[in-house]
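A.B. asks: Sequence:
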Amino acid sequence: MRKSLALMMLLALMLTTGAGAQSIESGPAPSPALTAAPEGAFAALPAVVSNPYGPSLNLCNFADDYDVPMATYFNGVPLTILAVEPTYGDYPVQFGDEGKLWAKVQIGKTDSFPGIEGMMPLAGLLIGKAGDASALPAGSLQDKAALFENNGLDEKSHGEFPAGTRFETLGILDGWAQVRIGEQTGFISLEIAQFDEASLGKVTAALPLDFDQIQPGYQERYDAYMDKLMKLYAEHGDSNHWPLEVSAQASELAQSYGYVFGEVVNVLPGDKDLKPDRVIELAKQHAFDQYAYDPSGWASVSLAFYHLPGLDQEKTWKASLWSGDGTQDVKIWMDTQGKLVHSLSHENMFAAEDETSGVSPAMEETLEYYLWGRIAQPESTEMNQETARQKAWEVFVGQTGDKDEAEYQVESTFHSNDAGDRRWWLVTFLEDYGQEVVTAYHVALVMPEGVPAYHSDLKVYQEDLAWAQRMQEFNRLEENKGPFYTWTLEDKATWESEYFGLPTKDEIAMDKAISIADQELKTAFQLTDADLERFVKGLYFVISPIRQWQIVYLWDGPPSDLGDPGYTVIINADDGAVTDLFGNDYGE
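Mapped onto numbering that gives the first Met the number 0, the consecutive letters of the sequence shown carry residue numbers 0 to 587.
It is possible that part of the hints are untrue.
[Stated by the list, open to error] With a straight-line cut-off of 27 Å between C-alpha atoms, the simulated DSSO-like cross-links for lysine-lysine are:
| hint | residue 1 | residue 2 |
| --- | --- | --- |
| 1 | Lys128 | Lys390 |
| 2 | Lys143 | Lys155 |
| 3 | Lys458 | Lys480 |
| 4 | Lys271 | Lys338 |
| 5 | Lys155 | Lys128 |
| 6 | Lys271 | Lys227 |
| 7 | Lys338 | Lys390 |
| 8 | Lys338 | Lys314 |
| 9 | Lys227 | Lys338 |
| 10 | Lys128 | Lys143 |
| 11 | Lys402 | Lys458 |
| 12 | Lys143 | Lys99 |
| 13 | Lys536 | Lys504 |
| 14 | Lys521 | Lys511 |
| 15 | Lys108 | Lys155 |
| 16 | Lys128 | Lys103 |
Note that these hints are calculated values from the structure, not bench results.
Values in this document were obtained by computation on a predicted structure and should not be read as measured data.
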């Protein structure tokens, strides 16, 4: 889900505070300089989470992929540094660490629990500092619940606690919260965690778009699962052609380790379900009804019988009808009675799709397949580039109704699969909205006839189009009104009413909020009135998820090679309490 443009602009302003940012929760404190050192090279170092760019710091499996973490831990949480490693992948650039160092950390180790281990950016930690629980998100249990010793590895717990029991949140994992109840630390299901209104915004801001499927403590379990799964592949080959028994075995294996195989749960049909031979017969008939394909012309048929996780009463049959040359393969989805639910053909991707069913289960596979083939060159007997573009344009016009070809830049590349037995043109229609905002619509044409095998989902494309047009309008408004931070509160609220609004007469007024913010900056960063005059302020009254003032101080002096100073102050709109304050203090 996309964040609103205005919110993204606000976040961008809040992140312009440089690598040396300091959080009010932990206070300015120099950390000893560390270089890469393996585990055991130095005595374990105590530290505390202190991310100047957000309420929490992500914990990753490796020194890579910061945005897809195992978990995220809030500022103030104590931990132990076991080792320091250089990055070998995606390092978060906002930290500005030229060395791009990661710390291997251990969190929450007790006599009965080995702790959570993983990798965190070293620049987001304060070394030699004690934890600060005062700023941790708090909440209460919605119902009676156990405080588990770990995140689902077993059923061991510290006992049950009644509804309403208070807790402090150390971190968020996939489906779990690591919390402290009294003197005990453990894990609760996120489903029964009710966060206080004052904490909800911090928790929401901390959540990543997605978690790593390999969760803390599950690394060995995941390796064991993958080892056994790879043996199934080695024995039975391509999973698209596995017998029902093998697919069910793979799902059972995945479930035994806490995973899902292929995003669905494959099962064997019961005595009251359709027999496989009957399913194949019905699938061929559906393919004939939809596409007039000869029922006797298929080289082979493979079946799957499955349900989505947690929906074991809603099973689906999937029949893959293989033509041999790959140009007329058809996939048929049926309910348990054999009634057609979806179909997917290289000639008509959306035939017989139920209006309420959304995208068919195989479309994501198709997208990946055709967008990431090997670059190749067409043979003299295959469709040329110009013909491919014309045919793709017909598909595009038929889907979108747009007939003005001059508006689009067209890119076309020729691809092949690894085996070389399937080849296609990938044609993409691009529309440039300025400021690096571009929409893309893809059409894949399979050789030799140029059968349209895939095209972008119309609904998704229309959403992209609407987003791009809104970005274009935003850029136009900024040209007329000036940068977004200079807009009036009324203009911000008009542009993005979901996030911005105006204070009520009972809430802290703008002048009072500015006065509070100025005083907090003077105290926290030893600034004078003369110092503050060198900044321009961006004022935001945020209404969701918490009503609050956000005041951003932007440097208005000469640029510095080290980076310009800047600050952000967040103030509760009801009582004027400063809930967060961060920035850097480079000076000139």
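A.B. asks: Of the hints stated earlier, which fail here?
C.D. replies: 1, 3, 5, 6, 7, 9, 10, 12
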